[in-house]
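Starting from the given sequences, assemble the full structure and let the hints guide the process.
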Amino acid sequence: MRNFKAVIWCLSTIVILMIVIPLARMMMAADPAILRATISEPEVYSSILLTLRSALWATLVCAVFGIPLAYILARWKFPGKSFVQGLIDLPIMIPHTAAGIALLMVYGRRFFLGRAFEKLGIGFVGTEAGISLAMAFVSLPFLVNAARDGFISVDPRLERVARTLGATPWRSFFKVSLPLTWRPILSGAIMMWARGISEFGAVIILAYHPMTAPILIWERFQSYGLKYATPVAVVLILICLIIFSLLRWLATRPREA
Amino acid sequence: MLRLEAIGVQLGAFRLKNISLHVEPGAYLVLLGPTGTGKTVLLETIAGLHRPTGGRTWIDGKDATRWPPEKRNLGVVYQDYALFPHLTVQENIAFGLRLKKEARGEIKKTVEEMAGFLEIGHLLNRRPGRLSGGEQQRVALARALVLKPYVLLLDEPLSALDRSTRGRLRRELKRIHRELGVTIFHITHDLPEAFFLADHLALMKDGGILQEGKPEMVLRRPRSRTVAELLGIENLLRGTKEGERYLSGLGALDIPEFPSREATGRESAVYFSVPGWCVEIFPGKGDNPYTWKGKMRLAAMNFMNGHVDLDLVYPSGEHLKTSLSRREFGNLPVSIAVGIVVPVGILKEGVYWFPR
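Residue numbers (my numbering), protein chains in the order written: chain A, -14 to 242; chain B, 230 to 585.
Hints were generated in silico from the structure; no laboratory data involved. Every residue, glycine too, gets a C-beta built ideally from N, C-alpha and C. Careful, some of the hints might be misleading.
Claimed, not checked - Residues on chain B that point at chain A, a partial pick, calculated with CB under 7 Å:
hint : residue
1    : 276
2    : 324
3    : 325
Said to hold, decoys possible - Negatives, chain B to chain A, calculated, CB over 12 Å:
hint : residue
4    : 315
5    : 410
6    : 510
Claimed, not checked - Here are the simulated DSS-like pairs of lysine-lysine, each with C-alpha atoms no more than 27 Å apart in a straight line:
hint : chain 1 : residue 1 : chain 2 : residue 2
7    : B       : 300       : B       : 330
8    : A       : 160       : B       : 300
9    : B       : 577       : A       : 160
10   : B       : 338       : B       : 291
11   : B       : 337       : A       : 160
And the structure:
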């Protein structure tokens, strides 16, 4: 028993260190003076805000479309279901630069879809909408899969009982299925948001400007070197750490009995 | 009246064939059948949760075949309760009333009355996850009953409960039926439960209804071997019928005529259904009440907690099983032991035959 615990702890510690050491090293290396200057720099500030905001938009819009999809995958059988399931996981696997190129080819001016959206006043190349789109494309699987697993864990009999008690399918969904799944959905949404914030490859191809934080870090590294790229990274990491620790705590708080 | 007319359902591995049933207002119908025969699928089809491939469902004289579940006003109670875990007991029971947009005060009153009736008033603010099985099942019953369902559909409601709770809730179901006058359609695989509760019994196997009627009549007049086995009838003797002559491994049997029985061929292979209770050892005088009298050897004897199981064998190799209560056993004219030969009589009252 004691051995078991010791081994488990050791192995886990290695994983945590694998994450902590590079981050700690980077934070320690950051020049405090430059770090202070960076925090008060409007460009950094607005770029981080832009990143958080566009990833949040991506998550919210995808929730509207992705939750129904997750419900279908959890509840219904249909031909080609495994294929659809595979499609949804695909964005995790393909190189994100490739995803960016694919998006550019569809939402750029050379394809009818891109032109159609442009007529509606929504451009995706070099805009905030484009950033959100790129983020959504690569991070959607996190939300859909989490929500699907959530719906699978809800006994379909609960929905059936709700129907026999007079609930329409809509009512049963909003009063039973959804309230019982909000935790995994929230958890998936957090993952999706987080994944969106970190996205670089797809975003840089669709929208180099306005500059999201990952691109800003890249640009500073290219133009000024490591010394000026590090503080931006540190600021972004600290903000993310605070936000996501808080959200995780919220999503995993035990339910009152 | 709830009436099913040649309902067929196809759902995954389950196929229901041509099911016709009717449930009279105020009846307590029990559908008895082994697990895996599609009883739940049938119940859910009645509730409107599966679309039948054919046939019609009539509710209160209206063709309800295509009605969605929420329009049918049929309550469902499942074996595993299916209470909403995110709601309190009070909110669970009030679920349907709230959907109906009834006034708050009215809902509160109705819920409290029903909770009082089912003795769960003290649990109203709890969450279902922490309740015992019996308590959860009462909540599930209350949740269905507050809506005054046209028929209450119960899917193995007692099967998940421990023995003593099951007994208590079984009596509770009888009380609900009697005092609220609600029509009940109850499915189970438990024979004593079926006989305790049913005023109408239907037997189901392999997706079809085998026989239905008053429990007593079904028990006395099983129509087939499957029915007799489902009913746990102890003895099925193979035999033949030649006109009015009935022959079995015990020799000739004196079987009364059953006017209602459908005509079969003049000569045919049959089974005789002989419930254990109509096998008497040391039978009374006179031949009239008996189908058969003879001497049999006691092949085995098992003492159970309230009764003694006897296995009797005839020289032809035919066996009869019966049981005696401990009191009857004590009152026997001679003490018996395995191996002795005893006089045996089969009462006409319980014997029946059906084609093999």
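Here is how each hint holds up against the structure:
{"no.": "1", "hint": "276", "result": "5 Å, holds"}
{"no.": "2", "hint": "324", "result": "5 Å, holds"}
{"no.": "3", "hint": "325", "result": "4 Å, holds"}
{"no.": "4", "hint": "315", "result": "5 Å, violated"}
{"no.": "5", "hint": "410", "result": "20 Å, holds"}
{"no.": "6", "hint": "510", "result": "50 Å, holds"}
{"no.": "7", "hint": "B:300 / B:330", "result": "15 Å, holds"}
{"no.": "8", "hint": "A:160 / B:300", "result": "18 Å, holds"}
{"no.": "9", "hint": "B:577 / A:160", "result": "60 Å, violated"}
{"no.": "10", "hint": "B:338 / B:291", "result": "32 Å, violated"}
{"no.": "11", "hint": "B:337 / A:160", "result": "19 Å, holds"}
Hint compliance for this structure: hints 4, 9, 10 are not met, and every other hint is.
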